[in-house]
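> Taking the hints into account, I'd like the entire structure generated from these sequences.
One line per chain: the protein sequences are A and B, in this order.
The letter at position 49 of the first sequence is residue 49 when you use UniProt numbering, and the numbering goes up by one with no holes.
The letter at position 171 of the second sequence is residue 171 when you use UniProt numbering, and the numbering goes up by one with no holes.
I should point out that these hints are in silico values taken from the structure, not numbers from a laboratory.
Any given hint could be a false lead.
All copies of an identical chain are treated as equivalent in the list; a pair is satisfied when it fits inside any one copy or across any two copies.
To be verified - Calculated lysine to aspartate or glutamate pairs in the DMTMM-like style (CA-CA distance at most 25 Å, straight line):
(1) LYS5 to ASP61
(2) LYS47 to ASP10
(3) LYS47 to ASP153
(4) LYS5 to ASP153
2 protein chains.
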Amino acid sequence: MALNKSAVVDTALGLLHEAGLPGMSMRTLATRLNVQPSALYWHFPSKQALLTAVAERVLADVAPVEARASAADELRGVSRAMRIAVAGVPDGAEIVALGLAAGAVNPVAEAVGRTCARHGGGERAAGLTTALTAYVLGVTVEEQTHHNLAAVDPAMSRVDYDSRFDEGLEAMLAGMAG
Amino acid sequence: MALNKSAVVDTALGLLHEAGLPGMSMRTLATRLNVQPSALYWHFPSKQALLTAVAERVLADVAPVEARASAADELRGVSRAMRIAVAGVPDGAEIVALGLAAGAVNPVAEAVGRTCARHGGGERAAGLTTALTAYVLGVTVEEQTHHNLAAVDPAMSRVDYDSRFDEGLEAMLAGMAG
DNA sequence: ACCTGAACACCGTTCAAGT
DNA sequence: ACCTGAACACCGTTCAAGT
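Rendered as structure tokens:
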């Protein structure tokens, strides 16, 4: 049966979970799909386009956030939902950063928009979206880079990025939702 | 005369300004230094170690922030100083993110520490440092990725990251310094 | 101590040609 | 429409050998 974009993205995600971005070359991907590397270029114009499609799949997994009593609670919810989706796939932060730069729709933007509509302050939605998105990706890029380095050099000090993430998030939310 | 680390880092920065990270291969670097690629491995164990040294040089250029009347003013100052240093070199955000993950000292941490000492709230220094650092790198990684994509595909929409950065920063600072 | 020369094991991408 | 085969132009890294 013929290949299609969605099957390629599926296999790419599988490869990412097994070996991260360095293990996901066009060649390993083609091998896994029982196809020549050049076949992939009929479905995607470049590896970067393929990665953007992967990013969109990851972003589609960001859980929607239910309405809550305070704006801060909702903003904390979106941020954590995005972090969970992005941190769940190896090198996911780098891939999603690429996808957003390429123009993928940011689910945080819509969620923040709804929160501002519910709790007022709609004129701050853009700034809040930028702040939360960049924060989540910034922390998670560093975490996954650190993870990759530690895999090669076991002497590296470990860092608890989950609590670091929460600590930084609370510092941000302290006044944001006012 | 013999090569040394600092000359290699100088040349690497020059190459970055000319062609970004994709243009800075160990081979182009060696050619520019009139040396064989393998010669670089006497001075640095890997390209990643070299990039960490580049990151440290970039971070050393973060301008120190003078004392100001409010904590918010000082935090805005450090954030902007870091952004200027990092955005000043092509792909600088990605390189600095790698450097920090590898354990480079973060100048934001010291500056935030001094701000907290002056204006009180020392127990929040860690969260503030995480938030501001991840934010600056998150926005700037996206900006530089976007810039690289737009260079290849001129049809891409342009984004004003300077004002986006300021907008997000104000959203963060709104309550942080309270 | 510092570097060369040559190789190893890879990459992304293109493109004529096949079916 | 969808894919193969073969090539092009690169990578980072290693290591014996030179000086």
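> None of the hints should be skipped; say for each whether it holds.
Status of the hints after comparison with the structure:
Taking the shortest alpha-carbon separations for LYS5 and ASP61, only the intra-copy value of 18 Å comes in at or below 25 Å, while the best inter-copy value is 45 Å. Taking the shortest alpha-carbon separations for LYS47 and ASP10, only the intra-copy value of 15 Å comes in at or below 25 Å, while the best inter-copy value is 31 Å. With identical chains, the CA atoms of LYS47 and ASP153 are at most 25 Å apart between copies only, with a shortest distance of 14 Å across copies and 28 Å within one. Taking the closest pair of Cα atoms, LYS5 and ASP153 come within 25 Å of each other only across two copies (22 Å); inside a single copy the shortest separation is 36 Å, beyond that limit.
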